[in-house]
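K.L.:
One letter stands for each residue in the lines below.
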Amino acid sequence: MKIGSKLYMALVFLLLYSPIVVLIVFSFNSSNSMAVFEGFSLKWYKELFNNDAAISALLNSLILAFSSAIISTILGTVAAVGIHKMRSKYVKSVVTNVTNIPMMNPDIVTGISMMLLFALCGTLIGFGILGFWTLLIAHITFNIPYVILSVMPKLKQMDPRLPEAAMDLGCTPLQAFFKVEFHEILPGIFSGLLMAFTLSLDDFVISYFCAGNTFQTLPIFIYSQTKKRVTPDMNALCAIIFITILVLLLVRNFATDRQLGKNSRRKARN
Amino acid sequence: MKKNNTLAQRLLAAPHILWSVLFIVAPLAIVVFYAFTDSSFSFSFSNFSKLFNDGTVEVFTLSLAFAFCATCICLVVAYPLAYFISRTSRKTQNTLVMLSMLPMWMNFLLRTYALSFLLEDTGFLNNILASVGIDGVSLINTPGAVIFGMVYNFLPYMILPIHSVISKIDKNVIEAAEDLGCNRLRVIFRVIMPLSLPGIVSGITMVFVPSVSTFYISQQLGPTDFVLIGDVIETYFKSSAASSYHLGSAISLVLMVLIFICMAVMNHFSDDESTGGIIV
Numbered sequence: 001m002k003i004g005s006k007l008y009m010a011l012v013f014l015l016l017y018s019p020i021v022v023l024i025v026f027s028f029n030s031s032n033s034m035a036v037f038e039g040f041s042l043k044w045y046k047e048l049f050n051n052d053a054a055i056s057a058l059l060n061s062l063i064l065a066f067s068s069a070i071i072s073t074i075l076g077t078v079a080a081v082g083i084h085k086m087r088s089k090y091v092k093s094v095v096t097n098v099t100n101i102p103m104m105n106p107d108i109v110t111g112i113s114m115m116l117l118f119a120l121c122g123t124l125i126g127f128g129i130l131g132f133w134t135l136l137i138a139h140i141t142f143n144i145p146y147v148i149l150s151v152m153p154k155l156k157q158m159d160p161r162l163p164e165a166a167m168d169l170g171c172t173p174l175q176a177f178f179k180v181e182f183h184e185i186l187p188g189i190f191s192g193l194l195m196a197f198t199l200s201l202d203d204f205v206i207s208y209f210c211a212g213n214t215f216q217t218l219p220i221f222i223y224s225q226t227k228k229r230v231t232p233d234m235n236a237l238c239a240i241i242f243i244t245i246l247v248l249l250l251v252r253n254f255a256t257d258r259q260l261g262k263n264s265r266r267k268a269r270n
Numbered sequence: 001m002k003k004n005n006t007l008a009q010r011l012l013a014a015p016h017i018l019w020s021v022l023f024i025v026a027p028l029a030i031v032v033f034y035a036f037t038d039s040s041f042s043f044s045f046s047n048f049s050k051l052f053n054d055g056t057v058e059v060f061t062l063s064l065a066f067a068f069c070a071t072c073i074c075l076v077v078a079y080p081l082a083y084f085i086s087r088t089s090r091k092t093q094n095t096l097v098m099l100s101m102l103p104m105w106m107n108f109l110l111r112t113y114a115l116s117f118l119l120e121d122t123g124f125l126n127n128i129l130a131s132v133g134i135d136g137v138s139l140i141n142t143p144g145a146v147i148f149g150m151v152y153n154f155l156p157y158m159i160l161p162i163h164s165v166i167s168k169i170d171k172n173v174i175e176a177a178e179d180l181g182c183n184r185l186r187v188i189f190r191v192i193m194p195l196s197l198p199g200i201v202s203g204i205t206m207v208f209v210p211s212v213s214t215f216y217i218s219q220q221l222g223p224t225d226f227v228l229i230g231d232v233i234e235t236y237f238k239s240s241a242a243s244s245y246h247l248g249s250a251i252s253l254v255l256m257v258l259i260f261i262c263m264a265v266m267n268h269f270s271d272d273e274s275t276g277g278i279i280v
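These protein sequence lines are chains A and B, in that order.
Position 121 (the first sequence) corresponds to 121 in this note's numbering; numbering is contiguous.
Position 23 (the second sequence) corresponds to 23 in this note's numbering; numbering is contiguous.
Hints in this document: simulated from the structure, not taken from any laboratory.
Quantities reported herein were computed from a predicted structural model and do not represent experimental measurements.
Beta carbons: idealized from backbone N, C-alpha and C, even for Gly.
Errors might be hidden in some of the hints.
What the hints assert, rightly or not - What follows is a list of derived Cβ distance ranges for each label pair: (1) A/F13 / B/T61: 31 to 41 Å; (2) B/P80 / A/T172: 50 to 60 Å; (3) A/L248 / B/S42: 11 to 21 Å; (4) A/F132 / B/V32: 20 to 30 Å; (5) B/D135 / A/F49: 34 to 44 Å; (6) B/S131 / A/F132: 30 to 40 Å; (7) A/F182 / B/S42: 49 to 59 Å; (8) B/G55 / A/A255: 46 to 56 Å.
What the hints assert, rightly or not - Anything over 12 Å on all C-beta distances counts as not near chain A; from chain B, calculated: (9) F43; (10) G133; (11) I169; (12) C182.
Produce the complete structure using the sequences and hints provided.
P.N.:
What follows is the structure, encoded as structure tokens:
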């Protein structure tokens with residue numbers, strides 16, 4: 001039983017990782033063969049870094065992810081506080097449900113609905129508006145629900161008497177928010193920000209419909225490169241992205257492990 | 001003082017409500033508008049009647065069937081894995097969860113591309129097969145490859161929610177069942193499975209929705225001219241030759257309604273209100 005379960009886990013992880021590992025190994029191949037490894041070389045990496053379109057797509061993606069993550073975190077946090085304080089249950093549930101639509105809807109429907117909106121606005125003012133700004137709006141829209149989703153539990157966990165106590169002690173509501181509530185919900189805001197950033201970096205489907213010809217993000221670039229053909233510099237890109245994610249996750253894991261250790265030590269001391 | 005307070009607090013949600021109306025409600029209203037109008041913007045059902053006559057219904061059924069298969073396979077593969085992971089020590093669990101999350105953080109385009117690289121006719125896997133004497137198996141460009149692509153891409157979305165629910169099950173409940181005479185299998189089927197239902201439900205939605213609406217996986221791994229409903233929508237909106245926003249909107253509307261019905265049915269089975277968002 002024990003061996004069986006280990007074998008099963010190993011098999012599934014082998015399934016999950018073998019395509020990526022093979023791709024990474026072949027990114028060091030000196031020829032562009034997909035079957036035979038003919039020798040080690042960094043040729044495809046060099047080619048990738050000399051590819052201006054790839055580099056500018058990467059920069060575009062980073063700019064878009066940064067700006068949309070920051071704006072959606074601010075909007076989403078304020079919205080979460082507002083929704084949390086709503087008195088009427090009915091209004092609250094309507095707002096929450098509408099907010100969750102982009103999360104529930106298939107990406108392709110969100111994508112085409114925004115594309116139609118932008119196309120309509122474009123016809124009204126007489127020229128196409130698809131580009132950075134439309135992408136930014138789309139990304140903020142699909143990020144907000146995730147920010148709210150990560151801030152809301154922290155708001156619910158917080159003792160409502162804390163800000164009240166602060167106000168009894170002479171804080172204005174605004175001061176009470178920044179001095180008390182903000183610190184309580186900060187972990188939620190931070191994880192919302194991170195999530196918004198990664199979602200925005202990763203999104204292809206919605207961007208594909210909302211991007212014009214002027215602004216290409218990395219996923220859109222990958223799409224145009226890999227459609228029904230194999231280009232070894234994409235293998236190199238894949239390897240770089242995989243290693244980056246691996247390092248980031250390891251750092252995060254390490255940080256949370258230390259945090260857990262600290263917390264349990266603190267608890268033990270009390 | 002109190003009254004001022006609530007007014008200010010109500011205003012807090014105002015920017016978000018305005019944003020939602022502008023960029024969530026309005027675009028969907030436009031989709032509905034396009035779906036129910038013809039090319040001269042007068043009201044008609046012609047898009048829907050066309051849908052029923054030009055083979056789109058078959059594509060719909062095919063997409064639903066493919067997504068259903070992929071979701072079932074994911075569930076069958078992921079459930080034991082999530083269960084086994086939850087039975088390891090805490091430290092191993094963290095590592096294994098990270099391992100199942102890692103491919104998910106890679107863009108799905110790259111994952112699909114990696115898979116197509118592996119399955120290619122002249123690719124690595126066929127080369128190995130040929131060296132052991134199995135020649136000329138075409139792995140890519142088959143319907144099976146499309147289902148495999150969906151499973152490969154969305155498997156982590158099934159593992160994570162199920163694992164997070166199973167790992168939170170109170171150990172005392174399991175012990176109680178054992179004390180009352182349940183064997184291993186009965187514990188799994190009578191206690192753990194019913195308690196992990198919310199995780200199963202959110203896993204199913206997280207796999208089914210992207211599978212049914214995908215368009216890259218079918219283009220990359222499927223046979224030539226193989227189309228799923230996502231490809232049809234993409235063609236209507238993106239190709240300059242066959243573009244028709246009205247037909248595309250009608251199909252999208254049907255897809256959206258179908259998915260919302262599926263989700264409502266699914267959520268009916270789990271009374272837990274927290275679905276989705278188990279990614280971090």
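K.L.:
Are the hints correct? Go through all of them and say.
P.N.:
Against the structure, the hints:
no.: 1; hint: A/F13 / B/T61: 31 to 41 Å; in the structure: 34 Å, holds
no.: 2; hint: B/P80 / A/T172: 50 to 60 Å; in the structure: 56 Å, holds
no.: 3; hint: A/L248 / B/S42: 11 to 21 Å; in the structure: 53 Å, violated
no.: 4; hint: A/F132 / B/V32: 20 to 30 Å; in the structure: 28 Å, holds
no.: 5; hint: B/D135 / A/F49: 34 to 44 Å; in the structure: 39 Å, holds
no.: 6; hint: B/S131 / A/F132: 30 to 40 Å; in the structure: 50 Å, violated
no.: 7; hint: A/F182 / B/S42: 49 to 59 Å; in the structure: 53 Å, holds
no.: 8; hint: B/G55 / A/A255: 46 to 56 Å; in the structure: 53 Å, holds
no.: 9; hint: F43; in the structure: 17 Å, holds
no.: 10; hint: G133; in the structure: 16 Å, holds
no.: 11; hint: I169; in the structure: 17 Å, holds
no.: 12; hint: C182; in the structure: 16 Å, holds
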